[in-house]
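> Below, each chain spelled out in residue letters.
2 protein chains.
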Amino acid sequence: MAEHYRLDASHALSLMQNGDLTVEEYAKSLLSRIKERDHVVKAWAYLDPDFVLKQARALDQIPAEQRGPLHGVAIGVKDVILTKDMPTQHNSAIYTSSEPSTVDAAPIITLRASGALIFGKTTTTEFASVTDGPETSNPHDSTRTPGGSSSGSGAAVGDFQVPIALGTQTGGSTVRPGSFNGIFALKPTWGAISREGLAQYSITCDTLGLYARSVADLQLLAKVFQLADDKPVKPTPFDIKRSKVAFCKTANWPKAGPGTQGAWEKAKSILEKQGAKVEEIELPEDFAKIKDWHANVLAGEGRTSFLGNYLLAKDKMHSMLHGHVENHTKLSRKAQLESYDGCARLRPVWDDLASKFDAVFTPSVVDEAPVGLGSTGDASFCSMWTILQVPCLNIPGFGGENKLPIGLTLVGPRYTDEHVLWVGKSIGEVFAREGGWKSKLI
Amino acid sequence: MAEHYRLDASHALSLMQNGDLTVEEYAKSLLSRIKERDHVVKAWAYLDPDFVLKQARALDQIPAEQRGPLHGVAIGVKDVILTKDMPTQHNSAIYTSSEPSTVDAAPIITLRASGALIFGKTTTTEFASVTDGPETSNPHDSTRTPGGSSSGSGAAVGDFQVPIALGTQTGGSTVRPGSFNGIFALKPTWGAISREGLAQYSITCDTLGLYARSVADLQLLAKVFQLADDKPVKPTPFDIKRSKVAFCKTANWPKAGPGTQGAWEKAKSILEKQGAKVEEIELPEDFAKIKDWHANVLAGEGRTSFLGNYLLAKDKMHSMLHGHVENHTKLSRKAQLESYDGCARLRPVWDDLASKFDAVFTPSVVDEAPVGLGSTGDASFCSMWTILQVPCLNIPGFGGENKLPIGLTLVGPRYTDEHVLWVGKSIGEVFAREGGWKSKLI
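Chains as they are written, first to last, in the numbering used here: chain A, 1 to 442; chain B, 1 to 442.
Misleading hints may appear alongside valid ones.
Put simply, identical chains are the same to the list, so a pair is met inside one copy or across any two.
[Stated by the list, open to error] BS3-like, lysine-lysine: derived pairs with alpha carbons at most 30 angstroms apart:
no., residue 1, residue 2
1, Lys440, Lys244
2, Lys234, Lys356
3, Lys440, Lys266
4, Lys289, Lys438
Source of the hints: derived by calculation from the structure; they are not laboratory data.
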């Protein structure tokens, strides 16, 4: 069997659309990869190979002219997103039923209606809310975490088990696994993709996230999800030469380890060599407050979000979630509201600031994926952008002291998701070529 | 059979908790009321009397000391809220399956864990998003609309079919039916109750709403949902005498018909007679922009929310929802973001302004429920408060030219839901006594 699992979605799609590859053959290739690798990676919370093949054969029956823009594209789904034909267990001791959810989350409806092959459910931390890892390991080093909370989605894409997977992000749950697994990860603008049918933690922050191994694949998804900027991006590739690129360390920079520090300097010099005008920028002082505001908003909104399950079966929940419901931080409504209003005030300030550049980079992570599966790592570098509700694209390409992947995040003003992908595509190609890290899995 | 259906939830609850009434007897009384009346009112999208009784008998088996704070309280659920044992059809031609959803929305988990009897699903407009009414009629006059989109919930509570029901509000979908059906309706602070498992239209506006025939019942629910203000309300009743009460007509006042105008003047004179210091206040000019901002936010967020179903089965959807997905208003992202930021800027302005008063009143509706079931009416007076994300309590007590109910809305600063209920209880009693409208259904 040809190793079709190695292809990104865009390539597999064109083969399937042209009739050069059946969805069934493609699915079999992915399933064989999973069979070969997943006893180590353990990316899947639910996967029924027979059901996958049954769906694949049904897709093959669709006449060529009726095939959707994602015909046969295999997509892993984080197990906090409802799927009508598979269970949704949230990595929670409360939700262990293997019954399908009977309801599709809104993004799943969109993907299915576009011809996607919903492959299975990927592992998550409990309710996508804690940092205690599931048993999933990093495909590049099985002693290390793949990150979280979108652990299985990040690992499955990094390991070539599926070309695309869905995550969610409330702090850094999409971008961090993106960096740890050496893949592209898009956290779109808040509100740009429906959250109906997703687990809720923070209504101000929760965002569906998208994983792929190429920006072209993310652009394919962006088109399906209609992430339309006001200003359409040019059909020609983004030209790095003479572009204005900002590097923004943020107040969290002292946390950056040698891997992220190295990637930072290397990225700047690569882009300068390409002719970009690179400058380091500092955010206005108020932005340093966002870290606490983000924590307040999660505490205040978590108090609401976990109440039901707390009343239902407190004993089966993580103590951090108890803490939210019981308001352990004694957060006042006043502080919660000031946190909302503070972030709201800074969103347009950020948009204005970022609009002055073609691209703004910021760290994705503290460093390489840490050893151990107990903790999924630190989201410090991501949470500000999540609550600013701006598009974030993790671009891989760099390696740390242990040759594990490290990415940087391209951030933009709100609702410039297409622009971020367009710029990220050109820059991603250069980082892949010159950044120094390449996946050994292929 | 005693007419227990006439009781509010608090009274029925105390009988059931004391063992003076079984849940089964209570459920039978409600079912007999429904049987008697619902061929006219048509409040239910799904109701299985046998299943209700089975659940009621199960609740009766719970030993007294293990009974929850809502033991046996019957609750109608708007049919856009997932219920694990009942279908969720959204009044959509796409979702006609009679299969249960297998998943409970977060507020349903909370209610069940508190001992509530989830009674059935109440009618809604399509996806709680359009104003084309379902077949539900106003219990006070079957030629008139009960309002919407929470049509069945408002009508069922107004008609004594259940004491409590859940609605949702994105524009005026909770408050308007509250006014039209002559009942109390609380739209809490945005975010104060989880929305997980609810249909999504606007993530900035969508809020779970609560209906009851007494404020005591809403206080019972507020306790279960932990709607805790920073400053606990006093255990003694709110004293209207010497209280400061503002009346705020808003820029929509020219729309107010004779019924609302009459209620307005009467409310002021009743409160003045009670010794309150009443004054009319005007909002800063910028607040008049909120109407357009609200429309923009719904258009921009509706574009996202309805995409999946549009791709799945456009032909089975209302044309207004097509319009959102296709962006018929040519709304730019810039205008959408300016609308977000404008509202965000005014939220703390409103909070400060409202904090200067014990209560602020504003109209709930244009007038009495209009004749005809085709349209559920006008949400003009509600949408500003929804997007300001503040607590709104419809207080009934007044009548219009056709002796149909008219309420006024008590609004407060964000996260003062308990305060609003506390003040609303005292004022609600006076309005009921002196406002001139009484339900003839009992």
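> Take the hints in turn and mark each one as holding or not.
Right, here's what the structure says about each hint:
no., hint, verdict
1, Lys440 <-> Lys244, "neither (33 angstroms within a copy, 71 angstroms between copies)"
2, Lys234 <-> Lys356, "within (18 angstroms within a copy, 53 angstroms between copies)"
3, Lys440 <-> Lys266, "within (21 angstroms within a copy, 78 angstroms between copies)"
4, Lys289 <-> Lys438, "neither (37 angstroms within a copy, 53 angstroms between copies)"
Hints 1, 4 from the list above are not met by this structure, while the remaining hints are.
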